[in-house]
Amino acid sequence: MAQKYAFKIDPSKCTFCRACVVACKMENNVGVQWTRNDMILIGPDQRKDPAMYAVFMNCQQCETPACVAACPVKGKAIKKRDDGIVLLDPESCVGDELCVYACPYGALRLTPVKNSHGYFTVDKCTYCAHKLDRPADAPGGNRPACAMACPTNAIDFGLRDQLLEEVKREGREQFDVNLFGIGPGNIFLKPLPRRAAWDKL
Amino acid sequence: MHPITHAWLRRRKEVVKSVWVVVDPRMTPTAFAADLWVPIKPGTDMALAYGMIHHIITQNLYDKDFVDQWVEGFDELRKFVTQKGYTPDWAAKITGIPAGTITKMARLYATTKPACVYTNAGITHHVNCVDTVRVLACLVAITGNLGVPGGGCNILHNSPVGLSLPGLEFPEARDKEWFERTAYKQTGLPPQPDYFRDAIITGKPYKLRAVIYHGNMLTQNSNAEQLQQALRDVFYVRIGLFPEEDVKFADFVLPSTTFYEMDHVHRRIDRGLVWRNKVVDPVGESKQDMLIYAELCQTMAKLDTKLSPRFWSENFPTRWATDKRHLWNEVAPKHAGGWAGGMSADRMAKLLEGAKPGDPHQKYQPILKAPCPPADHPSTQALAADQRAPDGGHPGFSVWYLDHPAWRALFDGNRFGANKKRWGVDRVMISHPQYDAELKKFGHAAIPEFYTSPETMDGLPTIRVTGEFVKMFNVGNSPGGNQVHRYEIGVRPDPELRKKYPIQLTTGRPGVAHFHTITHWAPSLAQVGGDRYVQMHPKLAASLKVKSGDMVKVETPRGSITGPALVWDGIQENTIFVPHTFGEDQKVHVDVGRQAWESVNRVTAHYYDNLSGQNEYKCQLCRVTKV
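Order-wise, the sequence lines are chains S and F.
Heads up, the first sequence is in the numbering used here, so the first residue is 696 and it goes up one at a time.
Heads up, the second sequence is in the numbering used here, so the first residue is 6 and it goes up one at a time.
Source of the hints: derived by calculation from the structure; they are not laboratory data.
There may be inaccurate statements among the hints.
Here are a few chain F residues that sit away from chain S, every Cβ distance over 12 angstroms (derived from the structure) [to be verified]:
| no. | residue |
| --- | --- |
| 1 | Trp-13 |
| 2 | Thr-106 |
| 3 | Phe-201 |
| 4 | Ala-204 |
| 5 | Val-239 |
| 6 | Ile-244 |
| 7 | Asp-256 |
| 8 | Val-270 |
| 9 | Asp-351 |
| 10 | Ala-531 |
| 11 | Asn-579 |
Beta-carbon label-pair distances, calculated as ranges [what the hints assert, rightly or not]:
| no. | chain 1 | residue 1 | chain 2 | residue 2 | range |
| --- | --- | --- | --- | --- | --- |
| 12 | S | Glu-860 | F | Phe-520 | 55 to 63 angstroms |
| 13 | F | Thr-323 | S | Gly-813 | 33 to 41 angstroms |
| 14 | S | His-812 | F | Lys-544 | 40 to 48 angstroms |
| 15 | S | Asn-724 | F | His-521 | 22 to 30 angstroms |
| 16 | S | Gly-876 | F | Glu-589 | 48 to 56 angstroms |
Since we're looking at a predicted model, the values are computed, not measured.
Cβ atoms here follow ideal geometry from the backbone N, Cα and C, with glycine treated the same way.
The task is simple: from the sequences and hints, build the whole structure.
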């Protein structure tokens, strides 16, 4: 079950506008207490430069997801689709938070929303799976809401193989985020050096 | 920087490989993206611009051809900066930027074609805002970066809003007679968003008895304590969306609509006009602002005994508020000296149909940019130096601060007379004897000397308000013209103050999620918009023995506020930053797990620029202690 889709995240392009977070909330009806995709700030490198970079953190849709392994529900409340997208069924969820603790990327959140069995449920990013099968000119488009909202294309969404090829072609370096061996799908680019143009003058 | 502009510029930066230098006391996301961040002491941007101008002129880096052809008063500018000794070394002492960086910036800016200056509230939230902007515009003018795509002096703050209504009409003789007897003789208050409180408290130039206000003045205007005193003493009608802090002082509260609930036309800073249709119907008793005023006029037509009913109903008919096509067809042809003549209601409506609602980047925004005179004119993206208006006049540049007549004509055709040469000059005006004399009346000068806020760490030259009022040209809100205080510029500030309050306080937007106070009432925006912190440099924090997250108290002569400290070296040393627009009645912050903080404007002072009325929000003195 290879990952068909991926996000390519370029911190050099991010303007910290958080349109991605708000777009996700509107598309997926995410409540005010949690987010599916907030960004984390990296830096600063105090010796050289106080600048920080924002890195978009949503679900990585891992090759062998830790959340699926951790799920105690018989028949699993979290399942991996054939195209690699990991989906959580809130109706089967019992809200025990084991997946929340298992995920090394902090992608899952326990929410105050209860399902029909009276359990609090866990919420996670779905890559907007409900949109991906639509035609490209459908109202609202056929890409994840966050990627569509991004004004600078800092979050790019597409077929994983194509995105990896693009990265190779542009000669950009990637962060190795597979520290836990579970094969995260997203592509994190290293930020470009900032002061190069000024120092050259 | 403005988030939308930031995104536009960032996309172009990728393509053209431009070099960005961000001058800001604080490291913002714009500075993260820049090639160089230059931390500057708050309120000293005019000194930096003069340092750069000095270097450009003495090193002969200016655009000689452009200056000869288009610029009036260049020699006066040259004489002024050399006589005053506004050298890069002088600027380095005042701004805290090394002289080497200033000269490198000057050389880079002057030798790059085209090069642009973008500023926003960082320049304009100062008591010297008009003069700083004019000096920046001089810098742009002498390097020939005017009227070229990718150039310009782009002052993004305080864009003119919407259409200005045409002048009053007097359908009956008694209206005209009444206006001549009373209204035309009285001069109005200074054109200042903050001044009215002085008129309530001091009764000068006259006692103000009633205020109609949109939005939340107690978090947005300076010195909230003093403002509360004034509000207790006045008939106050408050129009707004939410029950905010100032509602408890209001005699009447009228609910207005969001922009989703009304058809409207708005004007962008780049001369573009945008139409929007409403998406949902207004909720409850709320009405759009135009309708509130239209109905007020209809009621006045019934009740007023001095002016005729026709005066009220014809000067502001209800049809303008109920259907924007009426407003557009009746007002737009008279507006802006006919420059919007090509933007007929039909054409704008057709553009609007072509807009795709799901298109996130809004590539098909229903926008036309003035000048756009004939019906099939493609609208103008950038104004060129040699471009001529249909009647032969000069179209002007995007720097009205240089007092170019055509710029006024472009937007204020009704007010100043379309395409009239001001004092016989048809060029970009840095200085002119008559212009200088006009500004001297208010205490300013065509080429201003350096001054800044009364509250600086270094005791820099500043302003003093004299008790004398001077009549100003009509800025539109009073039929008889406005009057403003004359200022004395270049005086020394009170030295005692900076001994007691040794730290510079600057305020600004919390982040792009928030705009004014209204977004603090939207839960998801309150969640992503962050907390009201007190940002400080690690060196300052070490001297105060404060760590990130500790509660600190910020005191000024006006009062005190508390908040959690954020220690990070992305700020000028000895300066603290507190985001504004937070308020103690914003219960949404409690819902998303934070505290509803009091507004930083409880501690800011009420100093303002007399030409624009802009209050000083970004250069004040304070004292910080750990709680």
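Now for the hints, and whether the structure bears them out:
no., hint, result
1, Trp-13, "violated (8 angstroms)"
2, Thr-106, "violated (10 angstroms)"
3, Phe-201, "holds (35 angstroms)"
4, Ala-204, "holds (40 angstroms)"
5, Val-239, "holds (37 angstroms)"
6, Ile-244, "holds (27 angstroms)"
7, Asp-256, "holds (34 angstroms)"
8, Val-270, "holds (24 angstroms)"
9, Asp-351, "holds (26 angstroms)"
10, Ala-531, "violated (8 angstroms)"
11, Asn-579, "holds (16 angstroms)"
12, S:Glu-860 <-> F:Phe-520: 55 to 63 angstroms, "violated (40 angstroms)"
13, F:Thr-323 <-> S:Gly-813: 33 to 41 angstroms, "violated (54 angstroms)"
14, S:His-812 <-> F:Lys-544: 40 to 48 angstroms, "violated (56 angstroms)"
15, S:Asn-724 <-> F:His-521: 22 to 30 angstroms, "holds (27 angstroms)"
16, S:Gly-876 <-> F:Glu-589: 48 to 56 angstroms, "holds (50 angstroms)"
When each numbered hint is compared with the structure, violations occur for hints 1, 2, 10, 12, 13, 14.
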